[in-house]
Every structure is written in structure tokens, then in C-alpha cells.
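Undergrad: Sequence:
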Amino acid sequence: MRDVPLGVALVAVGLYFVGLGAVPFVDPPEGFHAEIARQMMRARDWATPRANGVLYLDKPPLLYWLVSASFTVAGVTQFAARLAPALAVVACAAVTARLGVSLGGPRLGLLAGLMAITNLGMFVYGRAAKPETLFVLWVTLAWTGFALAYVGDRRRGLALFYAALGLAVLTKGLLSPLGPLLVVAAFFWLTRERPLGPWAPWWGVLLAGAIALPWYVVMEVRSPGVLWYMLVDNSVHRLTRQRVFPGEDVTLGTVEFLVVTLLAFLPWALALPWALARALQRPWEDATARLWFLIGLWSAAVLVFFTLVPFKLPHGALPAFPFFALLVARAWDGAIEGEPGAPSPRALLVPVLCLFALVAGGFVAAWMGVPPLSVDVLSSLDTATRNVTERGQPAPPLPLDAWAATVRSGAVIFALATVAMAVAVWRRSAALGIGGALATMIAFLPTVAADGMTQFARVRSARPLAEALAQRARPGDLVVHEGAIENSASILLVVNGPLRVVNGLQSNLAFGATFPEARDIFWDSPQLEEAWSKPGRHFLISAVNPARSVVRALPRASVHAITQAGGRWLYSNLADRGRTVDD
Numbered sequence: 127m128r129d130v131p132l133g134v135a136l137v138a139v140g141l142y143f144v145g146l147g148a149v150p151f152v153d154p155p156e157g158f159h160a161e162i163a164r165q166m167m168r169a170r171d172w173a174t175p176r177a178n179g180v181l182y183l184d185k186p187p188l189l190y191w192l193v194s195a196s197f198t199v200a201g202v203t204q205f206a207a208r209l210a211p212a213l214a215v216v217a218c219a220a221v222t223a224r225l226g227v228s229l230g231g232p233r234l235g236l237l238a239g240l241m242a243i244t245n246l247g248m249f250v251y252g253r254a255a256k257p258e259t260l261f262v263l264w265v266t267l268a269w270t271g272f273a274l275a276y277v278g279d280r281r282r283g284l285a286l287f288y289a290a291l292g293l294a295v296l297t298k299g300l301l302s303p304l305g306p307l308l309v310v311a312a313f314f315w316l317t318r319e320r321p322l323g324p325w326a327p328w329w330g331v332l333l334a335g336a337i338a339l340p341w342y343v344v345m346e347v348r349s350p351g352v353l354w355y356m357l358v359d360n361s362v363h364r365l366t367r368q369r370v371f372p373g374e375d376v377t378l379g380t381v382e383f384l385v386v387t388l389l390a391f392l393p394w395a396l397a398l399p400w401a402l403a404r405a406l407q408r409p410w411e412d413a414t415a416r417l418w419f420l421i422g423l424w425s426a427a428v429l430v431f432f433t434l435v436p437f438k439l440p441h442g443a444l445p446a447f448p449f450f451a452l453l454v455a456r457a458w459d460g461a462i463e464g465e466p467g468a469p470s471p472r473a474l475l476v477p478v479l480c481l482f483a484l485v486a487g488g489f490v491a492a493w494m495g496v497p498p499l500s501v502d503v504l505s506s507l508d509t510a511t512r513n514v515t516e517r518g519q520p521a522p523p524l525p526l527d528a529w530a531a532t533v534r535s536g537a538v539i540f541a542l543a544t545v546a547m548a549v550a551v552w553r554r555s556a557a558l559g560i561g562g563a564l565a566t567m568i569a570f571l572p573t574v575a576a577d578g579m580t581q582f583a584r585v586r587s588a589r590p591l592a593e594a595l596a597q598r599a600r601p602g603d604l605v606v607h608e609g610a611i612e613n614s615a616s617i618l619l620v621v622n623g624p625l626r627v628v629n630g631l632q633s634n635l636a637f638g639a640t641f642p643e644a645r646d647i648f649w650d651s652p653q654l655e656e657a658w659s660k661p662g663r664h665f666l667i668s669a670v671n672p673a674r675s676v677v678r679a680l681p682r683a684s685v686h687a688i689t690q691a692g693g694r695w696l697y698s699n700l701a702d703r704g705r706t707v708d709d
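Just so it is clear: in the sequence shown, position 305 is 431 by the working numbering, and no numbers are missing.
Rather than coming from a laboratory, the hints here were simulated on the basis of the structure.
Check each hint, because a few of them may be wrong.
[Stated by the list, open to error] In silico SDA-like links for lysine to any residue, alpha-carbon gap of 20 Å or less: (1) Lys-660 - Leu-619; (2) Lys-660 - Asn-671; (3) Lys-660 - Pro-642; (4) Lys-660 - Arg-674; (5) Lys-660 - Pro-601; (6) Lys-660 - Phe-641; (7) Lys-660 - Arg-600; (8) Lys-660 - Ile-647; (9) Lys-660 - Ala-691; (10) Lys-660 - Ser-684; (11) Lys-660 - Pro-572; (12) Lys-660 - Gln-632; (13) Lys-660 - Ala-639; (14) Lys-660 - Thr-640; (15) Lys-660 - Glu-643; (16) Lys-660 - Asp-646; (17) Lys-660 - Ala-701.
Quick caveat: nothing in here was measured; it's all calculated off a predicted structure.
Full structure from sequences and hints, please.
TA: Okay, here's the thing in C-alpha cells:
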């Protein structure tokens, strides 16, 4: 039984760790999270997250603690920043496989664990310095603990359940346990199981509180108003789009959210509607059937919740992905076994065949010179692109030449996959089909998807500006950033001292800007104009198109363009001496 989770974890290591540090930070938000962790490490202040010297409270500190630990051991690198999220995916894969083995046997556990990691949604977030996969791990552990308690090992299972909820609070916020707890309440109400008291033991609640609450108490004592901001403005008001301190993130529409979720979980999403309906269907005759119902209930609850709330982002459904994987693995396992009521092999195989043929055709078309994805499509998939286009600013172009090798690889992989799936359909072999589909994704993700992410990161990276600034800036030079600093935060990793931020209060640092220590950080345009006219060398990093930038208000003779990259521009009040723009 232990061999299956271990095997799945080894596959996950191969998928998620190869080339993990080769890609430059994508701003936002990777450089921002890395800088917060670096400041924690340098200041030895493990309680207070800060970016650019300003208090940051949109996310609790667990990610930053883990990244700071990685930086301490391995240095401030892309690999070290992404290590914790990648390890979270590996652990999540093993836990999903273990839960699948318990509910349906080794084959189901193997399929579920592999499906949980062979989808674009988990792959993209598992290779980025973001907290999402950590949260997914805690949710998966919480439900695994509940399942363990439900089948008889109550004390150990509930300890895992409540400890995982406490860690979720330290990763995502005070309201993060609310979803699982409400689903548990709905589960017991629908199954008419009583009493409920044993499921909320005092020691379990105390365990969750002991893990989750001390940091919040410390922060409220240090900076009064923190709890209001994190609980009300950053949680409740965020979901209802009524924030007092609004950030830059632009919400997806309902249809966009559902489409993005579908794309992120392909190809396994094709069987999800049937698998979800089966799990929710009565009767739930025994404990195992009721646990499948619980998995379906959680999956449906996540989808329905983010469909209905006004504010939704592309990763909203990610905490349900391991449970989507369990449900879909159950459908494929039943088809392989020929269980009564299971879908026929062709009902599962034909949609995957059509998808692979369509994807192969798309890659072939791109290979032949059809333009890449439009900005409209990209803006639905990428939060930063959507934020930029919402401000009326064009997104950085994605040149087709850089993607040529990626496109060719994708065409070959999916052409072969289409042939394999056609053979599986002809032979009506669900086993051959699922093997071919998993092999396709295992081949696609670390090559085509990873290379595509690398090219995208290079297009969006602030590294060229950071390198140009590091070559030129000297101690005492003034460095200013126009717009929210998180849009170019990886520059902070190479520049000593806080940057001044002009017209950048619509930011994740807006609440932190209200504290006295941030008073000199945030400027308006007149303050920049005054500082720009003073002696010395000054630099302006702008994330705003020149046609709308504050540089238009500066004397034209005192603005010299140094370089541009990733939708950002670097200016100075003095021209380079003996250097070209490309130096």
C-alpha cells in the first residue's frame, strides 16, 4: 500500500523539480514573495512580513517562513524560492494516492495521484513561488484526516484534520477553514448522522487555534488594525469587491472562471461531470460510499462558491483538484474493471481522443505560422496580463519565433498521443487509453509546458532592468518605481534600500502604507518632479506605458531611456556615459 504513494511522489519530483530554478522570477507575484522572505531573513523578524520596507498582510507568513529557510540554506535563488510550493505538490500527490488506495485500491490510488499532478493548473502553481499549492496540501491533508476518523481511527484522524486547518489559516487567512467546516456540517446534515459533538473535540479546536492564532495575536498587538484588515477587508470585502484598500487584481467573469478551471484540469476534466454526478447520487450505503459523497460534495462546493462570488481568480478551484482527480480516477478504474454502472471505455476514450486531435491540430497550425494565443485568451489565464490590459496598457508581445521548438515538440507529442488513443478506442481498452493519456501528460508538462512557461517568464521578466540598474546605480542614487511595486518586485532583490513608489497606492501594500514607517516610501507626481530636479543621478522604473507615464510631466531634456523589458521602462535623469541602451 505504501509503494503507490511513494511511486507517485517520485514521479512528481521528476515533473516538478527538473528545471525549477532555470526560469526567471515572474513579476507579479514571484519576486514580491521572494523579497518578503528575503527581508524576513535579513531582519531576523519572523513575525512581520515586509516588502520594500512596508508592512504586507495580504497573506499570512507560512510561505515566507519556508522560503526564508530555503534562502538561509541555499541562497536567494529561484530554485530556493520555489522549493516549498514544489514540495507541497509532491506531498499532495502522495496523500491523494494514499487516500485513493484506502477508498478504492492500489490502481485507483495510482491513477488519482498521477492525475492530481498531471494537469496544467497544478503544474503552473507548483513551479511558482506562490502559496496556493501549500494551501491545497493542507486541505487535502484535512480531508484525509477526516476520512481516517470516519472509518474508525478518530483520534489520529481528527488530530490531522484540525492541525491541517490550523496550517491553512497560516497559509491563506482566518476564513480558510470555513469552507471545509461548512461542508462537514452539510455532509452530516444530508447523511443524518448524529451526534456531532465527538467531531469537534475541545483538544482538536485547541490544536488548530494553537497553530493558527499566535501569529495573528502578535501582529495585532504590534500593529493595531491588522485583524480588521485581514479578516474583513482582505477576506470578506475582497470576495464582494468592496475593499477599502483595493489591489490591482481584476476578477474573472463566471464563464471565464469555469472555462479556465476546465482548461487547467484537462484532460481529466472531460470525465468530471459524470464522476461528480455519480458521487453525489444516492444511496450512500456504507462508509466508503459516504466518503465518496463527501469528496463530491467538497468538489461541487468549491465550484459553486467561486461561480457565485463576485471576486474570482484563475486558481480559485485549485483546492478541489486532488478531489477531482479522485473522482475521475474512480470513473476510469470502474471502466477498466467493468463495474456495473461504470462508464463504457469508449465513453471515456472518445472525448480524450478528440481533445488530443484538436490540440495536435492547434500545434501544427502554430508550427505553420498561425499567430499564438491572443491577449484576450492570455488575460483569462494570467492574472498579471489581465491587470495590465484592464488599465488600457498593451501586454508585452509573445514572439512566435521563441516558441518554435516548443510548438514542434507539442505537435509531435499530441500527434503520437492521438494515434495511441485511436488504437485504444478501436480496441475498447480503457487501460490502454488511460496509460496513453498519462504518458502524454507526463511527456507534455516537463517539455512543452515547462518550456512555454520559461519563454513566457522571459518575456515578462524584470531581470534585464534589474541588471541594467545594478550596473549603473551607486550608493546615494535615487531609485523610484512608478506603479504598484509588486509589478517589478524582483528588482528589489538586487537594489539595496527601499525604492520610492510614485502613484502606486493601488497595491497589496496599501494598508501597510497607512503606518508611519511607510510615510516616505509612497510619493505622488509632484514629489517625483521635485526630487528629479535635484542634483545627483536618479532612476525611474516604470510599469506604465510611456504615453500615460509620469515621465510626461518631467522636463524632456532630463529623461533618458536606458532600456525596456517585460512591459517596463528604465529611465534616468542623466544619459549613460560611454554606454549604449543594450549594455
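Undergrad: Each hint should be assessed against the structure and marked as holding or not.
TA: Going down the list of hints, with the structure as the test:
With a CA separation close to 27 Å, the supplied pair Lys-660 and Leu-619 exceeds the 20 Å bound. Distance check on the hinted pair: Lys-660 and Asn-671 sit about 25 Å apart at the alpha-carbon level, beyond 20 Å; violated. Pair hint Lys-660 plus Pro-642 does not hold up; C-alpha atoms about 25 Å apart against a cutoff of 20 Å. About 24 Å separates the Cα atoms of Lys-660 and Arg-674, which puts this hinted pair outside 20 Å; it is violated.
As the CA atoms of Lys-660 and Pro-601 are separated by approximately 16 Å, the hinted pair is consistent with the 20 Å bound. For the given pair, Lys-660 sits about 28 Å from Phe-641 by alpha-carbon distance, which is inconsistent with the 20 Å threshold. Between Lys-660 and Arg-600, the direct Cα distance comes to roughly 16 Å. Compliance with the 20 Å bound is thereby established for this hinted pair. Straight-line distance between C-alpha atoms of Lys-660 and Ile-647 comes to about 18 Å, which keeps the hinted pair within the 20 Å bound.
A distance of roughly 27 Å separates the Cα atoms of Lys-660 and Ala-691; the hinted pair therefore is violated under the 20 Å criterion. Proposed proximity of Lys-660 and Ser-684 is supported: the alpha carbons are some 11 Å apart, at most 20 Å. At roughly 51 Å between alpha-carbon atoms, Lys-660 and Pro-572 are farther apart than 20 Å, so this suggested pair is violated. This hinted pair does not check out: Lys-660 and Gln-632 have alpha carbons roughly 27 Å apart, beyond 20 Å.
Restraint check for Lys-660 and Ala-639: not satisfied, since their Cα atoms lie roughly 25 Å apart, outside the 20 Å limit. The suggested pairing of Lys-660 with Thr-640 is violated, with an alpha-carbon distance near 27 Å, which exceeds 20 Å. Note on Lys-660 and Glu-643: the hinted pairing is violated, with a Cα-Cα distance of about 24 Å set against a maximum of 20 Å. Of the supplied pair hints, the one linking Lys-660 and Asp-646 holds, its CA atoms being roughly 17 Å apart against a limit of 20 Å.
This hinted pair checks out: Lys-660 and Ala-701 have alpha carbons roughly 16 Å apart, not beyond 20 Å.
The structure does not agree with the numbered hints 1, 2, 3, 4, 6, 9, 11, 12, 13, 14 and 15 stated previously, though it agrees with the rest.
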